[in-house]
Each structure stands twice: as structure tokens, then as C-alpha cells.
Amino acid sequence: MSFGDEFLRHPDLFPGRRSGEPWGSGSLALDVPGGPYLVAGLAATQIEALETRFGRLCRGVTETTATGRSGIATAVFRAPAADFVDLDTRGWEYTLALDHAERSVRVAGLRLMARLDWAPGLAGGLWTPEAAGEEWASVLENYLRLLAAYRLLAEGGVLLHSAGVTDGTSAWLLLGPAGAGKTTASRLCLEAGAEVLSDDLNAVIVQEGGRAVVARLPFTGDLGERQGGSPGDPGEYPLRGLLRLRQGPGASLVPLSRASALAALIAAAPYANRDPFRHEALLAVCERLALAAPAWELTFSLGSDLWSILRAVQE
Amino acid sequence: MTAITGSTVLRRRADVRYRRIEGEAVVLRQSAAEVLVLNGVGAAVLDLADGLRPVGEWIDALALKYGADRETVARDVLEFAGEAEEAGLLEALPAIPATSGEKDEDGG
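These protein sequence lines are chains D and L, in that order.
Residues 1 to 315 in the working numbering are what the first sequence lists, from first letter to last.
Residues 316 to 423 in the working numbering are what the second sequence lists, from first letter to last.
Keep in mind the hints are simulated off the structure, nothing from the lab.
Be aware that one or more of the hints could be misleading.
What follows is a set of in silico ranges between Cβ atoms, one per label pair, in the way DEER data are often shown [claimed, not checked]:
id: 1; chain 1: L; residue 1: Asp365; chain 2: D; residue 2: Trp118; range: 28 to 38 Å
id: 2; chain 1: L; residue 1: Glu337; chain 2: D; residue 2: Gly16; range: 44 to 54 Å
id: 3; chain 1: L; residue 1: Tyr381; chain 2: D; residue 2: Glu191; range: 48 to 58 Å
id: 4; chain 1: D; residue 1: Glu155; chain 2: L; residue 2: Glu337; range: 25 to 35 Å
id: 5; chain 1: L; residue 1: Lys380; chain 2: D; residue 2: Leu87; range: 55 to 65 Å
id: 6; chain 1: D; residue 1: Arg17; chain 2: L; residue 2: Tyr381; range: 50 to 60 Å
id: 7; chain 1: D; residue 1: Val85; chain 2: L; residue 2: Glu337; range: 40 to 50 Å
id: 8; chain 1: L; residue 1: Gly382; chain 2: D; residue 2: Glu191; range: 33 to 43 Å
If you want a taste of the chain D side facing chain L, the calculated C-beta under 7 Å gives, among others [what the hints assert, rightly or not]:
id: 9; residue: Ala44
id: 10; residue: Thr45
id: 11; residue: Arg258
id: 12; residue: Leu262
id: 13; residue: Ala263
id: 14; residue: Ile266
id: 15; residue: His279
id: 16; residue: Leu283
Sample of chain D residues facing chain L (criterion: CB under 8 Å; computed from the structure) [to be verified]:
id: 17; residue: Ser25
id: 18; residue: Ser257
id: 19; residue: Ala259
id: 20; residue: Ala267
id: 21; residue: Pro276
id: 22; residue: Glu280
id: 23; residue: Glu287
id: 24; residue: Ala290
Glycine included, C-beta positions come from ideal geometry on N, C-alpha and C.
Isolated chain D (complex conformation):
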């Protein structure tokens, strides 16, 4: 199987550069960690769908660039629906197809083609037949997850498959492979009074001086808030601890070695951990994080008072 052929009818015609027919002349900025992400070439219906999904994270491009913040640009282009394979997605786990090179990444997915280019700054191109609605918003979100992973890495951060929970002051990240219990643990914490940042993807940024903060992302699974939290939400929370999850009888908290924490972080870093050209950068960021944050293996069951255990964790 070669790159993209599970999604594309003509993978050999994959765009070699960021060009094509835009959907429209509209644009917006998404104020998401690692960004802002500037999206251009949009139809009015596409802007409406993004505003519905991402709410107050959507800004005007002029308003954003006027603040002096440089953004990561993505151009959106039309692609014929006939270029994409019709897939039955029932019971299917969606994974983007990626083709890595030193200065670019090619992406194929459900009704999307995309490429990221470093020339030398990062910029993206996205081709899709989706003109509006949830389907289009999902195409953009799937692309944005990837873009945010690369952008965060370049900024000294990392995107992590994890559950993030907060008491409004600090945050805890729960790590583990699919089925480890991230959503279950999030639900237990939520029921006990915690706020769930996301039970799917969270951003961690290691600041100057080695302080790690968890930044809220709009990429949620079953739990979490896609529109930036409530007004006044700080958006970033100091990281109190990393917890590698294990479901088992009772509840216990066992310190994790720095090396085991580092391994858990790398395993939880989607996209970047499959890109051989970014492994050195990923190791460097995750090592800083493993040294900055205390880590434990947390065994829990449905009856565990997980939230009390987390809050008892000392920095």
C-alpha cells in the first residue's frame, strides 16, 4: 500500500505545491495554542461552520495580525469529491495517512488532502470537497490537530493524547494508550467536581525556567469544551503532575522514573512520534517535560476516589 491510496483515488496526482482554486475570499484566525492559525480561501458557509464549532476561538485575521502576532497560514482549495474514496467508517478508527520529508509532510484523510511546508516558516495547504457544515468543520479540525502538533513542537511544546483535568488553578495530565481509561478517569474526576480540559488531546508548553503549563485545546473526545472554555478562562494551567493510567483493583499511586515518564510522553505524542525528521526535537521537548513535572503510575478502578488522589499529588 502506498501513501494515500486508502483515501485517494489518484494518490499519484497529490498536489506538489500549495496552489489551486480557493473556495472563496473569506478568512479567519483560530486562536489555538501554537497559533494563531490563519485560514484563507474560505466560502461564507465554511466560515459559518467553523464559528459554530470553535466559537470565540474564531477571530478576524485583521484583528489578530494587528496585535503583532504572526500566524501560521493555511490556504484552502477545492477538490473534486470524485477524487476521494468512499469509505464505510462504522467501527473504524480514523488515522491520517502521512508521508514525511525533511521540509514537508503530505497528508491524506477522509475527504482531505493537505501538505505542510517549511520554507523556512511553516505554512499549509488543504484541499477538500466539503463546502459547509459539520463535515467541513471536521476536515479542518483533523488538519488543525496535525498542524498544532508540529507548531507546538517548534515552540517547545508538545501535543499529547491525554486527559487533562483541572481544579481551576492547576492541571493534571492522564496518559495511556487507547483503552487505558482516560475518558473513564476524566468522568470520575468530573463527577467529583473537576473540570475536564479534554479527554483526548492537550497541549503542554515548557516555558523558560522549565515551568510546564497545560494549554486548553478545542480537540475533545467525549468530554471537554471546544470553544475555549468559559469567558475569563485562563487557558493555561501549571502542570501539577503526569499520571500514567492503569486500570486495576483498588487505587494506588507509584512514582514513575523519569525515563518511564519520558517514554510515556513520547508514546502519547501523536504525529510527531511517527515523523523521523522530528524525533530529535520531540525527544528534547519531552525530556524537558519529564524533568519538569513529577510523574506517577496511577492504578484505579471505577470505585476509586480519583480526584482526591490527584489533588493529593505534590509538585
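Based on these hints, arrange chain L on the given structure of chain D.
Then chain L, alone, in the frame of chain D:
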């Protein structure tokens, strides 16, 4: 799989990236996106696998460093080196044939 002996020369595969952290090593194999945690012996072997020194020299160096019995160190190192080669972390270099000058000397 190569039979690892004291004269085998091994090096880390080009797609292996690793970090030493508090005595252990975290290894990332690029081709497999696989993460492994190695203990102190494993970490030391990765450091030593430069494709220049034969395994016997690693054993000498580690026995000296840890003040340990050479036979015990040799057993651990050979066992780990074999596993690491099988796991695709290390690769054996071909044995270097004697130089033509040496042959001439040997041949008189």
C-alpha cells in the same frame, strides 16, 4: 541474528535516537515509532556501540567502571547486545579482513 562474541563490532542503527536520563535510556526507533526504556547496562551499551570498539572492549570498560566481575559483566553485555541486535537497535559490522600487508608478512 549474528552470534555476538567479544570480537564482534556493533553500532547503533542509523534510525535509533535515545536519551540518557537518570541512569536509564529511552530509545526511539524512527522506522517503527517504538519507544523502549533500557536499564543501566542497556544504556551503557548504547553509549559504547560506536561501530569502532569490539564488544570485548565494552566489557573491559564496564567491569572497570562498576568494579564488577568481568565474567558477570560479559554475560550481561553479550545477552543484552544479542537482544538489542535482534530488536533492531544495533547492527553488526562485517569482520575486518586482515590487510594485504599483514598477509604478506604472514606469508613471508
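Right, here's what the structure says about each hint:
{"no.": "1", "hint": "Asp365/L / Trp118/D: 28 to 38 Å", "result": "holds, 31 Å"}
{"no.": "2", "hint": "Glu337/L / Gly16/D: 44 to 54 Å", "result": "holds, 46 Å"}
{"no.": "3", "hint": "Tyr381/L / Glu191/D: 48 to 58 Å", "result": "holds, 51 Å"}
{"no.": "4", "hint": "Glu155/D / Glu337/L: 25 to 35 Å", "result": "holds, 26 Å"}
{"no.": "5", "hint": "Lys380/L / Leu87/D: 55 to 65 Å", "result": "holds, 56 Å"}
{"no.": "6", "hint": "Arg17/D / Tyr381/L: 50 to 60 Å", "result": "holds, 56 Å"}
{"no.": "7", "hint": "Val85/D / Glu337/L: 40 to 50 Å", "result": "holds, 48 Å"}
{"no.": "8", "hint": "Gly382/L / Glu191/D: 33 to 43 Å", "result": "violated, 55 Å"}
{"no.": "9", "hint": "Ala44", "result": "violated, 40 Å"}
{"no.": "10", "hint": "Thr45", "result": "violated, 38 Å"}
{"no.": "11", "hint": "Arg258", "result": "holds, 5 Å"}
{"no.": "12", "hint": "Leu262", "result": "holds, 5 Å"}
{"no.": "13", "hint": "Ala263", "result": "holds, 5 Å"}
{"no.": "14", "hint": "Ile266", "result": "holds, 5 Å"}
{"no.": "15", "hint": "His279", "result": "holds, 5 Å"}
{"no.": "16", "hint": "Leu283", "result": "holds, 5 Å"}
{"no.": "17", "hint": "Ser25", "result": "violated, 40 Å"}
{"no.": "18", "hint": "Ser257", "result": "holds, 6 Å"}
{"no.": "19", "hint": "Ala259", "result": "holds, 4 Å"}
{"no.": "20", "hint": "Ala267", "result": "holds, 5 Å"}
{"no.": "21", "hint": "Pro276", "result": "holds, 4 Å"}
{"no.": "22", "hint": "Glu280", "result": "holds, 6 Å"}
{"no.": "23", "hint": "Glu287", "result": "holds, 5 Å"}
{"no.": "24", "hint": "Ala290", "result": "holds, 7 Å"}
In this structure, the earlier hints numbered 8, 9, 10, 17 are contradicted, and the remaining ones agree with it.
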